Amino acid sequence: MNIATILVGLGVVVFLAVAAYFTYRSYKKGGCAECVNRDKCDKER
Amino acid sequence: MSKTIALAGNPNSGKTTLFNRLTGSSQKVGNWPGVTIDRKEGMISDSGIKIVDLPGIYSLSPYSPEEIVSRDYLLYDEPDLVVNIVDATNMERNLYLTSQILDMGIPTVIALNMMDEVEKEGSKIDIEEMSRIMGCKVVGISALKGDGIDELVEAISVVDDKPKPIKLTKASENTVDLISDVLKGGVPDDKLRWYAIKTLEKDELAIKRIGDLWNDVTGLIENLEEEKDDESDSIVASERYDSIGEIVSKVLISTKIPGQYTTSDKIDRIVTNKWLGLPIFAGIMFIVYYISISTIGGWGTDWVNEVFFAEMVIPGVESFLVSNGVADLLVAFIVNGLLAGVGAVLGFLPQMAVLFLLLVILEDSGYMARIAFIMDRVFRRFGLSGKSFIPLLIGTGCSVPGIMASRTIESERDRKITAMTTSFVPCAAKLPIIALIAGAWFDKSALVALASYFIGIGAVLVSGIILKKWPSMTGTPSEFIMELPPYRTPGFFTVVKSTLDKVWSFVKKAGTFILLACGIVWFLSSFDWSLALVDNIDDSILANLGNAVTWMFVPLGWGTEWEFTVGTITGLLAKENMIGTFGVLFGFGDVSETGGEIWSIIATKVTPIAGFSFLVFNLLCAPCFAAIGAMRRELGSWKVTGAAVLYQTMLAYSVSLIIYQIGSLAIYGTFGIWTIISVLTAVVIVYILVSKDPFGQYRKKGMEVPT
Numbered sequence: 002m003n004i005a006t007i008l009v010g011l012g013v014v015v016f017l018a019v020a021a022y023f024t025y026r027s028y029k030k031g032g033c034a035e036c037v038n039r040d041k042c043d044k045e046r
Numbered sequence: 004m005s006k007t008i009a010l011a012g013n014p015n016s017g018k019t020t021l022f023n024r025l026t027g028s029s030q031k032v033g034n035w036p037g038v039t040i041d042r043k044e045g046m047i048s049d050s051g052i053k054i055v056d057l058p059g060i061y062s063l064s065p066y067s068p069e070e071i072v073s074r075d076y077l078l079y080d081e082p083d084l085v086v087n088i089v090d091a092t093n094m095e096r097n098l099y100l101t102s103q104i105l106d107m108g109i110p111t112v113i114a115l116n117m118m119d120e121v122e123k124e125g126s127k128i129d130i131e132e133m134s135r136i137m138g139c140k141v142v143g144i145s146a147l148k149g150d151g152i153d154e155l156v157e158a159i160s161v162v163d164d165k166p167k168p169i170k171l172t173k174a175s176e177n178t179v180d181l182i183s184d185v186l187k188g189g190v191p192d193d194k195l196r197w198y199a200i201k202t203l204e205k206d207e208l209a210i211k212r213i214g215d216l217w218n219d220v221t222g223l224i225e226n227l228e229e230e231k232d233d234e235s236d237s238i239v240a241s242e243r244y245d246s247i248g249e250i251v252s253k254v255l256i257s258t259k260i261p262g263q264y265t266t267s268d269k270i271d272r273i274v275t276n277k278w279l280g281l282p283i284f285a286g287i288m289f290i291v292y293y294i295s296i297s298t299i300g301g302w303g304t305d306w307v308n309e310v311f312f313a314e315m316v317i318p319g320v321e322s323f324l325v326s327n328g329v330a331d332l333l334v335a336f337i338v339n340g341l342l343a344g345v346g347a348v349l350g351f352l353p354q355m356a357v358l359f360l361l362l363v364i365l366e367d368s369g370y371m372a373r374i375a376f377i378m379d380r381v382f383r384r385f386g387l388s389g390k391s392f393i394p395l396l397i398g399t400g401c402s403v404p405g406i407m408a409s410r411t412i413e414s415e416r417d418r419k420i421t422a423m424t425t426s427f428v429p430c431a432a433k434l435p436i437i438a439l440i441a442g443a444w445f446d447k448s449a450l451v452a453l454a455s456y457f458i459g460i461g462a463v464l465v466s467g468i469i470l471k472k473w474p475s476m477t478g479t480p481s482e483f484i485m486e487l488p489p490y491r492t493p494g495f496f497t498v499v500k501s502t503l504d505k506v507w508s509f510v511k512k513a514g515t516f517i518l519l520a521c522g523i524v525w526f527l528s529s530f531d532w533s534l535a536l537v538d539n540i541d542d543s544i545l546a547n548l549g550n551a552v553t554w555m556f557v558p559l560g561w562g563t564e565w566e567f568t569v570g571t572i573t574g575l576l577a578k579e580n581m582i583g584t585f586g587v588l589f590g591f592g593d594v595s596e597t598g599g600e601i602w603s604i605i606a607t608k609v610t611p612i613a614g615f616s617f618l619v620f621n622l623l624c625a626p627c628f629a630a631i632g633a634m635r636r637e638l639g640s641w642k643v644t645g646a647a648v649l650y651q652t653m654l655a656y657s658v659s660l661i662i663y664q665i666g667s668l669a670i671y672g673t674f675g676i677w678t679i680i681s682v683l684t685a686v687v688i689v690y691i692l693v694s695k696d697p698f699g700q701y702r703k704k705g706m707e708v709p710t
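If you're matching them up, the sequences are chains L and C in order.
If you want my numbering, it's the position in the first sequence, counting the first as 1, plus 1.
If you want my numbering, it's the position in the second sequence, counting the first as 1, plus 3.
FYI, nobody ran anything at the bench for these hints, they're computed from the structure.
The structure presented is a predicted model; accordingly, all values stated were derived computationally and were not measured.
We put the CB at the ideal spot given by N, CA and C, even for glycine.
It cannot be assumed that every hint is accurate.
Computed beta-carbon distance windows for the label pairs [stated by the list, open to error]:
#, chain 1, residue 1, chain 2, residue 2, range
1, L, 18, C, 120, 50 to 56 angstroms
2, C, 269, L, 18, 56 to 62 angstroms
3, L, 18, C, 193, 51 to 57 angstroms
4, C, 384, L, 18, 50 to 56 angstroms
5, L, 18, C, 563, 56 to 62 angstroms
6, C, 310, L, 18, 27 to 33 angstroms
7, C, 71, L, 18, 43 to 49 angstroms
8, C, 547, L, 18, 25 to 31 angstroms
9, L, 18, C, 314, 27 to 33 angstroms
The shape of chain C in the complex, shown without the other chains (with noise of 0.2 angstroms):
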């Protein structure tokens, strides 16, 4: 049997965790909305069944991207079956999707999801007489339990016949059997009730299919406006619901007393208060960066680096070598090459590992959405929609992902500059960066990190408000409309299989690309021109290279040292490549012979304060490849993309140039001509953020700003 299977649901209703379910894949979730932004496809085991998840869609009427790509392959592509997910904990606003589904004349089984959330509420739902009402099969599961999944593919297989659409009141279902008359043999005859509707409700893209049929039909229109005096997509709209909400009455017996407030409601009164809502979510992320770095993760860190590789793998491998008589230069190639760069990465995986778990918690649980909330109204102040903060959280596992999520945000110009700062929030690539920065000069403060965070979130919130005075970057910000899903306890299986996920990523990453790049490394800062070993480091291939660009970071504290200037260059080819080369020129491979940590070799190559200049300069510029390759397809030009780029490592050399020098003037006194230049500098910036927004009289009074 070949059948192919849509997935169908309001956003964050649990369609990839049935999906997931259903093909053993394990595509990205999320409790929060807007996890997928296109399809996907997979197959139910030996069933012959394709399986198609489609991006949470509100109704058929679409207003963004991800909205017309389900439209128009339930329109288009014209599935075999579609599986309305429908949560049940809020059945009245997912089943007006179903509404319209059920109009477009496939065959559909309603999935109602989450129910075991409605028992844990003390409700009942009459599934058996919803079906009834319905005229299509309903069945209850619970996608994240497994509930109830044998009997959904059971349904999917058998259920074939067309399904029974809900009715509106006799006066406009009289209009559309008008309408669809006028219709006939302009339409696709199966598809005549749903172009009658959406005709009804002057659907745009229905308007531009039926063409010149559409002056036939608007007296039709008109009448009925007239009979009910109002307009025909709100008579269509307020019938649908209730129609539903009779529906509802009818199925499901509540123990919810209205107007009561839910455990995620009085919880949501204090995490998303006005005033409490920021300083909660900076003391969730302290805590979260003091277990990963400071505390737990750390001891980690420390029992890896100084036992682990320092006194069992480095020592040991070296002995093994060398006591079979293998040649020194191999021995050197693998110990100070491979082993200190691949285990200078490594070494970070303990608090790697703790930060995944706990940020996988906090995004499983829901807190994370109310972060989307919280932060619209900081992002709105300044030029920017809260809608651009998903791309920035999914950004926080990776940038190329993030970069490609702001392709959900519908107005041009949020889009553009959504896709040029996401990489400024710390990707997981960049914390073993901002640890071992911590690590070598700040006694792993969980402050670093924390600061980091803020300091990525604050580039984009600079960059909102002078990318906005680009003239080409106008517009006015778009409205940030975002259901909070409720707070559920994390599933132990989804949060284990996320951290490992994630886990075995880093991993993967240091045993291929880092491997080999910490290859290329050791080579060039082994020998010369002349391919003869050298003695001294400073006089390889890779210092020579290093100190031709070098000199251009002096004036940020850390240039003097090509190790760092060669280090954030490997780091543009993947970011946790910048961890391996430094294990690879600053001798990882002989701590256990000088017993020290990397960390402190490092912490004496510069001071803190320029420690900490390097560190957000490798925040803030430009992202890696993969990343810029990701803003190209977004941005749509090399040109523009191009410009992306400069504008962040610009802003990553001002504002490093700024705490270095401003810093050190402040700390050890010491002053100069850069010192003046970054005062300047900082000057500029100011300017620039506060002089007046020569579009702002149109957005304050909500015109389309002239581009």
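Just chain L, same shape as in the assembly (with noise of 0.2 angstroms):
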């Protein structure tokens, strides 16, 4: 395994981490962009 491929992988896998985080926060937020009531969704999530 050469160090390009360790690096990149690397990379893909801090990636796929941050991915994985902003998505947890847009279901804890509602997961909806443009909810009419995104306070409400909050509360009740």
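Take the two lone chains and join them into the complex the hints point to.
Here you go:
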């Protein structure tokens, strides 16, 4: 395994972790960008 | 300074636009009544002033849930000040609520909104005189343009004295005083006048609140009714309007000739016409889809797919990784998994952006509110209320807020049916699926999108008929009263901001959720159960899983291809996810090598009629999990939600079966056992639709339907 593979692999892992975090955060926020009532959504979730 | 300010006013008077101006937030606004269904809070930056945006109400005698939210907040949460937003183009009606707010004794500032439109009409309002007569500060503003906002903020900071109520006639005021004497000690002192007038109006909630004291005031109310020869609530309402009329005649210098049609009226005579309304709506939606799917948006999508991804991004990333000696498996994961999936979804971005822009313009201009009016006529014929159309309208953006908006409907029956059927109308996430099917089999025809839209509305109507015959769904449709907002030139910044918000939300979802899902789909489609790489995708874990259930969809024409079934299932997580899944499974990462596009690859898999059946199934079947969760909240139980999802999926299956089997018979002459079953299914559906409504006799007589 060369260094490029390790670096790109690490990069992909970090990228996916960030995507997972934002997915989770979006779910916690209600998962809907144009919700008419984000506050209520937040509270209920 | 710490203060809590409530924004209260009639529906569509611009409360949320002002809220966004004052707090810098970006809550959804719309040129139709009922956009805000619950209160929202925000702060005026660095001032310590909290702003609470309340749903629009016409009066403080609540009839629907959002009206109760507003009244309860003003009555029990006791804000320090109320900013009452009054639509200056329609003062008489708006000041009715003002007169009730002033009775509450809470310090009040009147924000006279849409002053720019009053000036455009050539009319004038004497704001100084109005402040003097009404005994509270009045500020002229334009929330949309930002005019007068500084003056309003200043007024909010300084005003803290009790307002002067708008007086009724002497006889009525005497009765109010006598009732106040009886109620003293029984209700809060600062709300004495409010409770006295509400008691005089025989307001149910007020009567409940005063308890036994009601018996002591009935004689006083009867005396007034006898003297005025009218019901007490009518006396109060009519005297309020008399006082308001007097105020308006003193402060408004109008150039409008009574009975003269405004431009909005003239346009409405055509677009809400009994016969022309629906064809004009269909025509406008066709143009919208033609521009966004077939032409301008379509050209953009072609470029992003064929040039940006196929010639630039994918080969560029691949050659960079290969030239640096990155392991083949990792290259495949990045190129054929992540880039292929996300690229396939983002390829539709130009079409989505143009579509979002056009829909925002239609909403902001006030045209969409007319559609609710036009659809009321149609909906009532099918046992639904026009009120149900507002959630459907909101649902074209996203089903979650659409389903939530169903709570504004008073009738439980209408509310349930609306929550169960809102997701039939294509939401933004389903639009890439429509664009994919239109591109793959139908030469990007706008008619595919138009048909999808009307199939969705048709499914809502059909469900209205079917569900109203269901014992637990009986009832008479709610009356639908909606004020048509005037047509307005859409604000440039509002349109750009709303469009960019929607585009950003699409990109964000592709870069987060879809990306992860595509990674998983790639893994499952690249390995077998012993975790060895497969040469043929048909040997993969995903193919195994897909084949286990795909037989169920063979009668619909696309079950022969397990990828379609997997796409449908991954679409339950988020509907766009299906496109990402197709991108991975149909090798969007390889398009640069094959020179083809994703839709030309898909088009070879099944016939056009099977493609259309696939589209219809995915439009009507169970929505994404977020929407199912919203349905659960509005329907109140998992049992009813489960039944609703089952109903949606069964309807989707039946309609797709009929489309594919009868379509195949008509086009290719294919005939088999499933053709017979599809004909029988069609007969059963038609029978349910035309069979006698067991509760129709009650509805016709306007009687309460027994449950």
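Notebook entry, point to check: For which of the previously enumerated hints does the structure constitute a violation, in increasing order of number?
Noted result: Of the numbered hints given earlier, the structure breaks just one, which is hint 5.
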